[in-house]
Every structure is written in structure tokens, then in C-alpha cells.
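So the protein sequences, as listed, match chains A and B. Numbering-wise, our numbering puts 101 at position 101 of the first sequence, and it's gapless, one number per residue. Numbering-wise, our numbering puts 339 at position 339 of the second sequence, and it's gapless, one number per residue.
One or more of the hints may lead you astray.
[Unchecked claim] The following label-pair restraints were derived from C-beta to C-beta distances:
id : chain 1 : residue 1 : chain 2 : residue 2 : range
1  : B       : Gly299    : A       : Ala212    : 18 to 26 Å
2  : B       : Gly265    : A       : Asp101    : 31 to 39 Å
3  : A       : Ser126    : B       : Gly202    : 45 to 53 Å
4  : A       : Arg238    : B       : Arg190    : 45 to 53 Å
5  : A       : Asp315    : B       : Glu334    : 53 to 61 Å
6  : B       : Thr186    : A       : Asp101    : 43 to 51 Å
7  : A       : Met350    : B       : Pro256    : 46 to 54 Å
8  : A       : Leu282    : B       : Arg145    : 23 to 31 Å
9  : A       : Ala212    : B       : Ala143    : 23 to 31 Å
10 : B       : Leu263    : A       : Gln312    : 53 to 61 Å
[What the hints assert, rightly or not] Over the 10 Å line for every Cβ pair with chain B, so calculated as not near, a few chain A residues:
id : residue
11 : Val85
12 : Ala171
13 : Ala271
Hints listed in this document are in silico derivations from the structure and should not be mistaken for laboratory results. Just so it is clear, CB atoms sit at the ideal spot from N, CA and C, and this is done for glycine as well.
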Amino acid sequence: MNGHGAEVIDLDDARRRGGAATAGRPRCGAPTPDGRTCRNYAGASGACRVHELEPGESPDGGSPAAAGDAGAFRAAPLGDVDAAVAAALAFLRRRLTGDYDVDVYGFDRELTEQVVLPLARPLYRSYWRVRAVGLDHVPSEGGALLVANHAGTLPFDAVMTKVALHDDHPAHRHLRELAADLALRVPGIGPLARKTGSTLAHEEDARRLLAAGELVGVWPEGFKGIGKPYRDRYKLQRFGRGGFVEVALRSQVPIIPVAIIGAEEIYPMVANATFLARLLGLPYFPVTWQFPLLGPLGLLPLPSKWVIDFGQPIDTTSYGPEAADDPMLVFELTDRVRDTIQQMLYRNLMGRRSIFFS
Amino acid sequence: MGGAGQRVLITGIAGQLAGQLAARLEADDRVASIVGFDVREPSAELRRTEFVRADLRDPLVARTIASTAADTVVHLSLTAAPSSAGGRSRMKELNVIGTMQLLAAAQKSDRLRKLVVKSTTAVYGSSYADPALFREDVTPRAAPRSGYSKDAVEVEGYARAFGRRRRDVTLTILRFANFVGPTVDTPLTRYLSLPVVPTVLGHDPRLQLCHETDAVEVLYRATVGEHPGIYNVAGPGMVYLSQALRLAGRPAVPVPAPLASGLAGLLKRSGRVDFSGDQLQFLSFGRVGDIDRMRRAFGYEPRFSTRAALADFLSSRRIAPLFDRETAGRWERELYEAWTSSSLSSRTAQGPRPAATRVP
Numbered sequence: 001m002n003g004h005g006a007e008v009i010d011l012d013d014a015r016r017r018g019g020a021a022t023a024g025r026p027r028c029g030a031p032t033p034d035g036r037t038c039r040n041y042a043g044a045s046g047a048c049r050v051h052e053l054e055p056g057e058s059p060d061g062g063s064p065a066a067a068g069d070a071g072a073f074r075a076a077p078l079g080d081v082d083a084a085v086a087a088a089l090a091f092l093r094r095r096l097t098g099d100y101d102v103d104v105y106g107f108d109r110e111l112t113e114q115v116v117l118p119l120a121r122p123l124y125r126s127y128w129r130v131r132a133v134g135l136d137h138v139p140s141e142g143g144a145l146l147v148a149n150h151a152g153t154l155p156f157d158a159v160m161t162k163v164a165l166h167d168d169h170p171a172h173r174h175l176r177e178l179a180a181d182l183a184l185r186v187p188g189i190g191p192l193a194r195k196t197g198s199t200l201a202h203e204e205d206a207r208r209l210l211a212a213g214e215l216v217g218v219w220p221e222g223f224k225g226i227g228k229p230y231r232d233r234y235k236l237q238r239f240g241r242g243g244f245v246e247v248a249l250r251s252q253v254p255i256i257p258v259a260i261i262g263a264e265e266i267y268p269m270v271a272n273a274t275f276l277a278r279l280l281g282l283p284y285f286p287v288t289w290q291f292p293l294l295g296p297l298g299l300l301p302l303p304s305k306w307v308i309d310f311g312q313p314i315d316t317t318s319y320g321p322e323a324a325d326d327p328m329l330v331f332e333l334t335d336r337v338r339d340t341i342q343q344m345l346y347r348n349l350m351g352r353r354s355i356f357f358s
Numbered sequence: 001m002g003g004a005g006q007r008v009l010i011t012g013i014a015g016q017l018a019g020q021l022a023a024r025l026e027a028d029d030r031v032a033s034i035v036g037f038d039v040r041e042p043s044a045e046l047r048r049t050e051f052v053r054a055d056l057r058d059p060l061v062a063r064t065i066a067s068t069a070a071d072t073v074v075h076l077s078l079t080a081a082p083s084s085a086g087g088r089s090r091m092k093e094l095n096v097i098g099t100m101q102l103l104a105a106a107q108k109s110d111r112l113r114k115l116v117v118k119s120t121t122a123v124y125g126s127s128y129a130d131p132a133l134f135r136e137d138v139t140p141r142a143a144p145r146s147g148y149s150k151d152a153v154e155v156e157g158y159a160r161a162f163g164r165r166r167r168d169v170t171l172t173i174l175r176f177a178n179f180v181g182p183t184v185d186t187p188l189t190r191y192l193s194l195p196v197v198p199t200v201l202g203h204d205p206r207l208q209l210c211h212e213t214d215a216v217e218v219l220y221r222a223t224v225g226e227h228p229g230i231y232n233v234a235g236p237g238m239v240y241l242s243q244a245l246r247l248a249g250r251p252a253v254p255v256p257a258p259l260a261s262g263l264a265g266l267l268k269r270s271g272r273v274d275f276s277g278d279q280l281q282f283l284s285f286g287r288v289g290d291i292d293r294m295r296r297a298f299g300y301e302p303r304f305s306t307r308a309a310l311a312d313f314l315s316s317r318r319i320a321p322l323f324d325r326e327t328a329g330r331w332e333r334e335l336y337e338a339w340t341s342s343s344l345s346s347r348t349a350q351g352p353r354p355a356a357t358r359v360p
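Using the sequences and the accompanying hints, generate a full structural model.
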């Protein structure tokens, strides 16, 4: 069925893509608190997402916190500390008295925007220095199904994709991830996943979310992907049973292939302690270079340099919703999505100089 | 219907919902007669309703169905609390065997045209592996194996079998979410009224509630109208248990799951809350039903969303929060004033500035 293994990867294309993505876009240029100019890409307003909310000058006093939390207190019209304090107090009051709204899947927008995303942002900006490419392929409104590679022992790739779409996409969209049932069972993790917008990887939830015009993210490799050994990095595993293609066809939304570079190196997994995994009821128990050798310190992921590449959307409307009942077509489309992501991974890997630097 | 208007028979008339439904039917001229069964005296003040003190397992039931020429049976006597029924085995007896007897008697009646059965969304069980919203026709991953939810599954099974045997009878099964409201008393309302609320550590169930007003309205519409099928009935939206407790101003005490069933046993013995094993699963994962089918078929939009229903329950029960809204608002203002008068504030540094983002 697939002869694409022999396809030649165009290296020049990879360079062009990388170059085009950086060269064409203007930088923000606003002064940062530490005296340098901001090198973030500028949005529509001519400033980046951190600086566009501030009225001209950079904030005073305890500004690093305020600048870092620009997303957190976006509601504040004045970029000053008082407004931030007022907003923080109002936030605390609402949380303590239960005065906030949650959707039926359990997505707690306020908690996500004001607590979880600000916590993930330093990882995104400073630690893994994520570069999001091709965000213009993600529609500003309406449903779309994002399909990405999965790796890294812990689903940081999903979290970073979420930050990318919320912070760097012009429409600041929330990604609704489809999670494995086992992840939703884990105490602590399950409720947190739901509160940040995840729901069960089930056809019904996916279709309902897509019909509501949400951006849905799926990692079809599942546990086979996230728990894959280091030597298999960037080799896509089987893409489930193609359920995601059926969902996209039935919902008539585009499939956006996403390649995540860097996540596969954060926890280089050398072995899987199957015995421990079975004992703890986990799908895998990772033994990495750092963990459990270095103890808790081994839990620190490696600071690889990340690229999240959003690819050209694959249209499903030309097939029509009935195509979901044609298993052959579903298989073919599944393979096509998988190959596209694999090619995108190779292309980006060719273009990078090292794991830790771009 | 039988010429002179509808003749309704209600089981479990002593219950709050049944009492309100009967009152609602009494006000309707199209309803010719109402007969209520129960082992207890009805708590509602009813004028037209004839009360028959009988257990559903009593042969009197069959005779009354025949003698009153009832064309509609509304079966509401399903009970959720073992303590009020007098033990779990008796509760099962009343719920399941009672239903069997009632349906056996009803099958003999030629006049019968409509059967309305109260069920619960508990028939979906509660699991991490089910979609976020239960539709009426899904097969749940974790079908309930014990307690009230198991009873409900069996009752529904008998009702459906009855529906197959008597195709001329309109069968409506209403699966209600957990009831709240000023008058209903359920294990959940008691649980939320505890001074300190034990929760399952690391879990935060999604709760869906049904206000009693909406429940009575839907029951009424099912009784006088024609709505064959199974419907989830609840307020739109959901609340997390953690959010519900914050709205109630109750402190939560997370208990590790292995200890939770022991604690549930203790609470049960103290007579405060009647929580059985199947409800611990519910307190871990919760459940939310999809109410679209009810909306479409009944053309009814619930008056109370889940959150509004909870708020109404809390205010009507005067559940005094340990930490109410006013206190929280006052603390917020005081803290903000303390901040603006401190040296760190940008206001003191640059002279007074109008506070831009004041919150009420």
C-alpha cells in the first residue's frame, strides 16, 4: 500500500522553509526589562504577544513578573502592577467562592489561562525555546483536527502544542486534546487533564467538540509513541486504527498534520521496566538516562530545542462524510497523514544542527 | 383517552416529586382521577388524589389498577436510600420485585395506554473510560453492579420487556440526574450538607444536577403528553465537586481511595449519609448525561442549569458557608487597599492614579 519509504526528502526545501519562516516576519523590537530588544515575532499590532498589551513603555518596578504573566492578566487595561494585583485578588476570590464556569467536558478556561498556561510558558519560551512554524495553517475559527507525533515519556508535547496555539496563534485558540482513558484514571492527572481541556479519545467526544468548532488535538501513536525507546525516536509508530480520520471525515473538518521536534529527546528512554509497569498498573515504566539513576533530579527533562511544525491542512470535504464508511479510504488517508508527519519530521531534523540548539 | 379524561395512577406518592406531580395533575382539568400508592402517608397536601396504602407487592395493586380503570401508570417508587427503605435487601425487594409485580398487574389491564418510569442516570455507571456525555443509547463501559444503580438497570429492563409485550402502551423512561432543590432529600443533598465534606483524593467528579421543578415539569409533560422513549433529564452544564463545595463554602477533606470505602461505612453507620460502594466510583469520576433528546422531544429547556439548581438548593437550605461571598469580597477589597497603601504599589510611587480594574 505504501511506497513512500523511498521518497526523497528535499533538503533545500527544508532550508527554504526554515528560512522563510524566520526571514519574512518582522520582530517586535520592544525593550525588555533586562535592557535588550525583544526578538519575538511581531503580531498584527506590530508588537509581540508579550508587548502588545503594554502601553508603549515597558512596565516599571516588579515588572519581570508582570511581563512574564502578560497572558495571565490580559483583562487588565493598564499594564501596571496595581491592576495585576487587583486582577490576582479577583481571581483568588472567584476561585475560593467557586464563581467560575466549566464546560461539560470539564474544561476550566480560567484555571487554564491564569494558572496552567503561565506555568507552562517559561518551559515554552526559555527552557525548550519552542519555535512554532506554520501557524497560519491552523484556521482562526471553526473545527480542525490536529494530528501529531507523540513521544517523551510524559505528554509535554501536548502541553507545548497547547501553549503554541494559545500564545502564538493570532486567534489565541485553545487546543482540546484527546486523552487516553488510562491517563484520565490517574489520580491528580486525570482531573487536571480535564480542567485544561482534554477529554476522552472517543469518537463521540471528538465529533461533538469538532461540531462545536473547537480545535481538537490527537496523538494517534498513543502509549506506543509516548513510551517508545530512544533509539526509535522520530520513527512514527502505528497510527491506531485510523479512528481520527473517520472522525474528521464525518465532521468534515480539515486534518492538520503536526510535527513536534525536540520532545522525543527530553527523556531518552533506554528501557521499559515491564515488571514495575505491571506492578503499578501503568502502560510502561520508563528507565531513562536520568531516571531513576539520578533520583528525583532525573525527572528534570533535557533542555532540547523544539520546533512545532504545523503542516498544510488535508481537506476532507472533497470525500464527503460518507467516506468515513469506506475502510480502504480511511486506511489510505491514515497512511497519508502518517507519512506527511514522518516527512515533516525528517525535513526538520535535517535542518537542525544539534539537539540542544537550533 | 378513556372518554372522561385521563385516569392516572402514581406509585410512591409519599415522595416529594410524586407529591408535586400529583398537585400539578390535580390542577389539570383533563385529568379525571389520580390514585396514589405508597406505604407511607403522602407528605404533600392533596385534595383530589385518592391515597391507597399498599406495598407494590400487594395483590391490592392489581385490583386497584382494574377498579380505577387507570390508563396511565407513573412509576416513581424507586428509592435510592437503603436506610429509608429499611435495609439494602428490603430496598432491592421494593425496587425490583415491586416493579415486577406492578408491571405484571399492569399487563393485565386493557385500559392502560401509558407507562412512565422514573429512572436515573446512575444506570450509566461512572467510569474514566466513557465519553464526557452519556447519550441514551450508549452501552456504558462500566455497567453498575451493585446498589441503587443496579436496581435501576433491572427496573428499566423489566419496563422495556413490558413495552415489548404491550406495544399499544406508550413507554417513557426518564433518567434523572441527581436531584437537588428546596424539598428533595437524597444521599447527594445530605452529602453536600455535611459540615466537612470527605472527597476522594486526586479525583474531582463532574456532577450534573436536576432541579426538582424541572423534574416535576418533565414528569408532568410525560404524563399528559405522548413521549415514547428514554430520556436523560437534567439541568444543562456541570459543576466539579470541588466547585460545588466552594459554592457551598464547605471545606473538602480529600481521603485516599483505599480508605474512602471505610469512611463511607462509618458515615453510613452514623446515619448522616447513606453512601454505598457504587457511589464511591461516582465520587471519583462523576457522570453527565446528554439532554438534547429531552430538549427536542419535550420542547422544554430546563429552568435551572446545573449550577443554578445547586445555588437554589444551597440558598433554600440555608447552608451557611464557612467562607461566604461577602467575606471574600471584603477580603479582596481590604487586601487591595493594603497593597495600594504599601510602598510597592505603582500608585504610591507615581502619585495617585484612578484604579482601573475595580471589581465589585
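Structure-based check of all given hints:
1. Between Gly299 of chain B and Ala212 of chain A the beta carbon distance is about 22 Å. The supplied range of 18 to 26 Å therefore holds.
2. Judged by the Cβ atoms, the range 31 to 39 Å given for Gly265 of chain B and Asp101 of chain A holds: they are separated by roughly 36 Å.
3. Remark: the range hint 45 to 53 Å for Ser126 of chain A to Gly202 of chain B is contradicted by a beta-carbon distance near 30 Å.
4. Taking 45 to 53 Å as the suggested C-beta distance range, the pair Arg238 of chain A and Arg190 of chain B conforms, at roughly 50 Å.
5. At roughly 57 Å, the beta carbons of Asp315 of chain A and Glu334 of chain B sit within the given window of 53 to 61 Å.
6. Between Thr186 of chain B and Asp101 of chain A the beta carbon distance is about 25 Å. The supplied range of 43 to 51 Å is therefore violated.
7. Taken as a hint, the range 46 to 54 Å holds for the pair Met350 of chain A and Pro256 of chain B, whose Cβ atoms sit roughly 50 Å apart.
8. For Leu282 of chain A and Arg145 of chain B, the Cβ-Cβ distance of about 25 Å falls inside the hinted range of 23 to 31 Å, so the restraint holds.
9. Checked against the hint of 23 to 31 Å, the pair Ala212 of chain A and Ala143 of chain B passes, with Cβ atoms roughly 29 Å apart.
10. Roughly 55 Å separates the CB atoms of Leu263 of chain B and Gln312 of chain A, a value that falls within the hinted 53 to 61 Å.
11. Not every beta carbon of chain B lies more than 10 Å from that of Val85 of chain A, the smallest distance being close to 5 Å; the non-interface claim is violated.
12. Under the 10 Å C-beta cut-off, the non-interface status given to Ala171 of chain A relative to chain B holds; the minimum distance is some 24 Å.
13. Every CB of chain B lies more than 10 Å from the CB of Ala271 of chain A, the least distance being 28 Å, so the non-interface label holds.
This entry does not satisfy hints 3, 6 and 11, going by the numbered hints stated previously.
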